[in-house]
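J.: Chain residues, written in single-letter form:
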Amino acid sequence: MTRTATRKPAGYILAGTLGLVGALALGRPELAALAAPFLLLPAVAFALAPQPSVEALFRLERSRALENAAVRATVEIVSDAELDPLELFFPLPPGLRIEGPNPVSVSVRPGRPAILDLTIRCERWGGYVLGEVYLRAWDQLGAFRFETRVEPARPLRVYPRDESVRALIRPRETQPLAGNQTARVKGDGIEFADIRPFVVGDRVRRINWRASARRDALWVNESHPERNTDVVIFLDAFAEMRYGGESSLDPLVRAAIAVARRYLGLRDRVGLVSFGGILRWLEPAGGVVQAYRVVEAVLDTRVALSYAWKDVDVIPRRTLPANALVVALTPLLDRRSIGALLDLSGRGYDLCVVDVSPVAFAPPPRDDAERLARRVWALQRESVRARFRSLGVAAAEWSADAPLAAPMEEVAAFRHYAHAPRH
Amino acid sequence: MLAADGAGLVAAVAASAGARPELETAAAASGAVVLVAAGLVSTALVPLGLVLVGGAYGVAVETGGEGVDAGAAVFAAGLFLAAELAHWAHELRSPSRGHWTVVARGAFRLALRTLTGFAAAAVVLSASAARIDGGLPLVALGPVALVGALALVASLARR
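Chain order of the listed sequences is A and B. Yeah, the first sequence ends on 1020 if you go by the numbering used here, and it's all consecutive. Yeah, the second sequence ends on 160 if you go by the numbering used here, and it's all consecutive.
Read the hints as simulated data drawn from the structure, not as lab findings. All of these numbers come straight from a predicted model, not from anything done at the bench. C-beta atoms are modelled at their ideal positions from N, C-alpha and C, and glycine is treated no differently. Please note that a few of the clues may not be correct.
Selected chain A positions facing chain B (Cβ under 8 Å, derived; list incomplete) [claimed, not checked]: (1) Leu617; (2) Arg625; (3) Val956; (4) His1013.
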């Protein structure tokens, strides 16, 4: 530990010295007596000052937790000198909070480990590294301060709470592999599509006997095959709005994980593009492992300030397969992401936009001018969504206090009735 | 904490008042108030208060006569207690040190330090009462003792 003298001994030595000088000058022993305690304390403190060596072991009960969950942590402190009190301060990143006082004091006896139990409340999703502890102690006379910092890094992943999604957006095109999505094309499958005249090579079991009897010729049933699809979640991480400790990125991340889990549950392949100051991507793949990959990738999503113009050309081609359904989750705050989405639409990607409203994360308007500005902003956002719709791209606004199912249904309804533009 | 600080100062001033009343006591009391105020603002100002109170006491004993003030050890202990309380008040500002067990242990140590301070002052006073006729060498012993005491503290501080 680093040893630093407090202000006390220096002040006492100064006062004591002046007392002694006064005693000599005036020839009064009372002043020497007055100075005695003030000189005795620093002398004893300097003579007996310890140089304690402290070790702190930080343990986390688990390394993964859900948002708003509590994680128990234990700090074991061992010292070769008596430290009473030993003050511990845990500089936690925003999003984590210690339930109880921070800093906290413990009493440590030499050779006897002191155990400190902590409860850490995970208030916000994210990937954290914990374990940095500042230790501070004083000697028995208060003349010295001992400080050190221990940094036993312990990772803690806090997963966002889930959003409920019942209906998913059906893709325009499916992929060749089997899955749970009913393809629009006709082929071998369960879902009835149409009937057609029998041709050589058709299976007998596919003959529709009722239709054949009515037409005096053999007719067979046609069906839609069940295929899988590629879904790419486009996460707009260019900008965020923060208010009251909450960020517009939070519902965005929750929605991304919920949508990815649902599609992966239907045996679809899911990829991720985190489009922002730092570009992150995950190529489409299926299975449980991909679900974990998506969650881990989303946890690392941060808004990194960047003024560089970026368009879809920076996204690796394999991340955006042809015929993939692109589900864009965006707060529509940055022109670069809006431009990239328009570009994707222009390139023929099956795109739908869920506008995760950042309005709730703006401070409430204080006067008429701010109220007017808020209305203008809302109109601008509506005009952007209208622009997407005019291009045949479904765009729906989602306020985080409403269920995610609402914009998903709105997008699905738009895609059901609207015709996709021909490219 | 302020009350405890004030109590320590009142004890110090009372000790002074018992021996040297009137003007000097008022000066000591005003110095004590400065000490309290200084201690509440910053511990760096505590020495200023100590010097003021000590100076007032010095003036009081100098103008009081030739005899040695028998209450000097009590005054020294009271002043020491006040200074310790001023520092302790700052330490207790940390929320982690407000727990009653920490405060109780701190109070016990403070009492122990005050008693030790009183004993040290009493030893110095009793030493001054010894009648030794040594002439110039004994007179020179004072500055030598002062320099020696400071040198000792300085050498310990360098360790």
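J.: For every hint, state whether the structure bears it out.
T.: Hints, verified against the model:
At a threshold of 8 Å, the smallest CB-CB gap from A/Leu617 to chain B is about 5 Å, leaving the interface hint in force. This hint holds: A/Arg625 has a C-beta 5 Å from the nearest C-beta of chain B, less than the 8 Å allowed. Because the beta carbon of A/Val956 sits about 38 Å from the nearest beta carbon in chain B, more than 8 Å, this interface hint is broken. Here the hint on A/His1013 is broken, as its CB sits about 60 Å from the closest CB of chain B, past 8 Å.
Checked against the numbered hints given earlier, this structure breaks hints 3, 4; the rest are met.
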